[in-house]
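Visitor: Order-wise, the sequence lines are chains B and A. The numbers in the numbering used here rise by one with no breaks, and the one at position 71 of the first sequence is 63. Start counting at 1 in the second sequence, then tack on 40, and there's your number in the numbering used here.
Treat the hints as calculated values from the structure; they're not laboratory data. All of these numbers come straight from a predicted model, not from anything done at the bench. Backbone N, C-alpha and C define an ideal beta-carbon position, used for all residues, glycine too. Hints may be right or wrong, so weigh each one.
Stated by the list, open to error - Residues of chain A placed beyond 12 Å of chain B at every Cβ, according to the derived structure:
{"no.": "1", "residue": "46"}
{"no.": "2", "residue": "50"}
{"no.": "3", "residue": "54"}
{"no.": "4", "residue": "55"}
{"no.": "5", "residue": "58"}
{"no.": "6", "residue": "69"}
{"no.": "7", "residue": "127"}
{"no.": "8", "residue": "131"}
{"no.": "9", "residue": "149"}
{"no.": "10", "residue": "151"}
{"no.": "11", "residue": "155"}
{"no.": "12", "residue": "170"}
{"no.": "13", "residue": "195"}
{"no.": "14", "residue": "199"}
{"no.": "15", "residue": "202"}
Said to hold, decoys possible - Pair by pair, the computed Cβ-Cβ distance ranges are:
{"no.": "16", "chain 1": "B", "residue 1": "13", "chain 2": "A", "residue 2": "61", "range": "26 to 36 Å"}
{"no.": "17", "chain 1": "A", "residue 1": "151", "chain 2": "B", "residue 2": "14", "range": "39 to 49 Å"}
{"no.": "18", "chain 1": "B", "residue 1": "202", "chain 2": "A", "residue 2": "163", "range": "41 to 51 Å"}
{"no.": "19", "chain 1": "A", "residue 1": "184", "chain 2": "B", "residue 2": "237", "range": "48 to 58 Å"}
{"no.": "20", "chain 1": "B", "residue 1": "259", "chain 2": "A", "residue 2": "152", "range": "37 to 47 Å"}
{"no.": "21", "chain 1": "B", "residue 1": "12", "chain 2": "A", "residue 2": "163", "range": "43 to 53 Å"}
{"no.": "22", "chain 1": "B", "residue 1": "14", "chain 2": "A", "residue 2": "152", "range": "28 to 38 Å"}
{"no.": "23", "chain 1": "A", "residue 1": "183", "chain 2": "B", "residue 2": "194", "range": "23 to 33 Å"}
{"no.": "24", "chain 1": "A", "residue 1": "184", "chain 2": "B", "residue 2": "61", "range": "36 to 46 Å"}
{"no.": "25", "chain 1": "A", "residue 1": "196", "chain 2": "B", "residue 2": "91", "range": "42 to 52 Å"}
{"no.": "26", "chain 1": "B", "residue 1": "155", "chain 2": "A", "residue 2": "183", "range": "27 to 37 Å"}
What the hints assert, rightly or not - A few chain A residues that face chain B, going by a derived Cβ cut-off under 8 Å, partial list only:
{"no.": "27", "residue": "112"}
{"no.": "28", "residue": "116"}
{"no.": "29", "residue": "118"}
{"no.": "30", "residue": "164"}
{"no.": "31", "residue": "185"}
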Amino acid sequence: MAIRDDFEVAAGQVRAAVQRFALGLLVLASFGAMLIGKADSVLVENARVLALDLASPVLEAIARPVAAANRAIADLKEFASLRQENARLREENARLLAWQTAARRLENENEGLRGLANFHEGPEASFITARIVGDSVSAYVRGALLNVGRRAGVAHGQAVVTGEGLAGRIAEVGDNSARVLFVTDVNSRLPVVVERTRERAILAGDNSPQLRLTLLQSVAGVQRGDRIITSGHGGSFPVGIPVGEVVETGEGGVRVKPFADFSRLEFVRVVDYGVTSLVGGGPAAPAPPAGAQATGQRIR
Amino acid sequence: MRVDGSLAMLDRWGRLMLPGAVLLFFVLLTLAPLRAPYLSDALPLLPVLVVFQFSLVTPERLPGPFLLAMGMLLDLLLGGPGAPVGVSALGFVLIRAAVANNRRYLVGVPFLFQWFGFCLLALGFVLLVWIFTSLWTWTAIDPLQAFIQYVVVVVLYPVIAPLLARVRARDPLNVPELSRGTARPGETTP
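Could you build the full structure based on these sequences and the hints that come with them?
Guide: Okay, here's the thing in structure tokens:
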């Protein structure tokens, strides 16, 4: 009996001590987590991927009705300006048809010339289409979560494109989920060329809607309205994906507005260029995983 | 000793789990691709609102270690590469402690006082995260976006907080000491 009482007294004391220092312990624990995260980034990366994989089914369930609601709101908005929109689209269509003719002619010509010059093209790209199931947009991150992962053939560093242009690159990959880091994120650095002058530059994000162009040579050649495309340097990105348009050239540097509309993204395509393993020193064009064939459609 | 039917037990467990489940829901909701202007800005701070409000009305159902776990989950889900994992956890824990130590000024007082308290604590949270993230990544992050988030969530508080406050036990005297605060018998504050 006495032993049991002693035990209860001791347990009570321990409980009181824990309660008294509870706040301190919790604060210490969170600092500890931050330090561990700084020291062992692989561990944190794995934890992130695990959390993403666990959360992505739930997010997918939330994303569908949310997307439907967003679409309904957008539809309502468009309804108001249907007539003008129609006129604008008809005009644009006429213009694009003219462009299509020009593009067909150039493509034929290009193919012929390539044949003559015995030109070797880079590896073919295949696409994996993905739904955006989550936004990881906060004051500090610009990104999104996709519902495809390693099983579908997604790998770290692949380019993510929309119909309009480049959206970002894959930053983390889980089994069935992946995180995209948008080009507007503060951590994003992208080797690009100015389409008109073929000048090389680095396009950096700073979490604002516009991007900053850091030129490697001179600023003089860049004009407002110049298109910026990926240069393919660094190897993981295909050459010539449109990224954005120069909107400002002044004292504050060159600002670029991305073509992709990040506020309306619903589906994106992950570009499997087949050279992501270059970073690890692998062969130039490994066979794409079986899953990629199933989910993604090959182009050309 | 009370003998409970299974329904009563379910009810008790439900009550016990509800605040945690709501917090988990809001943590997951921060990632929902909601494209409403301004509203989607506030999503990352809504868990802070939940933590504040539940620490106010029912702290015993939202223990510190649970908050720590939820904060870590939020950081893991939200943070990009290089962002500190655990800073939200630290913020949550500190908010809970701050509310617990200032119940005198926050429980059983007019709603405006609670709102003011939330303004202060949320500002502290935003500053904490901003400072830590800036230090951790060693870049000067534009604080404007964080400030917009803060303003939106402060404006949203009167809309969401009364709903969350309904999880408290009906009678202020029929609850544990910790969450009773300065409430008197017969008092029914919102």
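Visitor: Hints first: check each against the structure and report whether it holds.
Guide: So, going through the hints one by one against the coordinates:
no. : hint                      : result
1   : 46                        : 28 Å, holds
2   : 50                        : 23 Å, holds
3   : 54                        : 20 Å, holds
4   : 55                        : 23 Å, holds
5   : 58                        : 18 Å, holds
6   : 69                        : 7 Å, violated
7   : 127                       : 6 Å, violated
8   : 131                       : 9 Å, violated
9   : 149                       : 24 Å, holds
10  : 151                       : 27 Å, holds
11  : 155                       : 22 Å, holds
12  : 170                       : 7 Å, violated
13  : 195                       : 17 Å, holds
14  : 199                       : 18 Å, holds
15  : 202                       : 24 Å, holds
16  : 13/B / 61/A: 26 to 36 Å   : 28 Å, holds
17  : 151/A / 14/B: 39 to 49 Å  : 29 Å, violated
18  : 202/B / 163/A: 41 to 51 Å : 28 Å, violated
19  : 184/A / 237/B: 48 to 58 Å : 24 Å, violated
20  : 259/B / 152/A: 37 to 47 Å : 46 Å, holds
21  : 12/B / 163/A: 43 to 53 Å  : 28 Å, violated
22  : 14/B / 152/A: 28 to 38 Å  : 31 Å, holds
23  : 183/A / 194/B: 23 to 33 Å : 25 Å, holds
24  : 184/A / 61/B: 36 to 46 Å  : 28 Å, violated
25  : 196/A / 91/B: 42 to 52 Å  : 47 Å, holds
26  : 155/B / 183/A: 27 to 37 Å : 34 Å, holds
27  : 112                       : 6 Å, holds
28  : 116                       : 4 Å, holds
29  : 118                       : 6 Å, holds
30  : 164                       : 14 Å, violated
31  : 185                       : 4 Å, holds
The earlier numbered hints that this structure contradicts are 6, 7, 8, 12, 17, 18, 19, 21, 24, 30.
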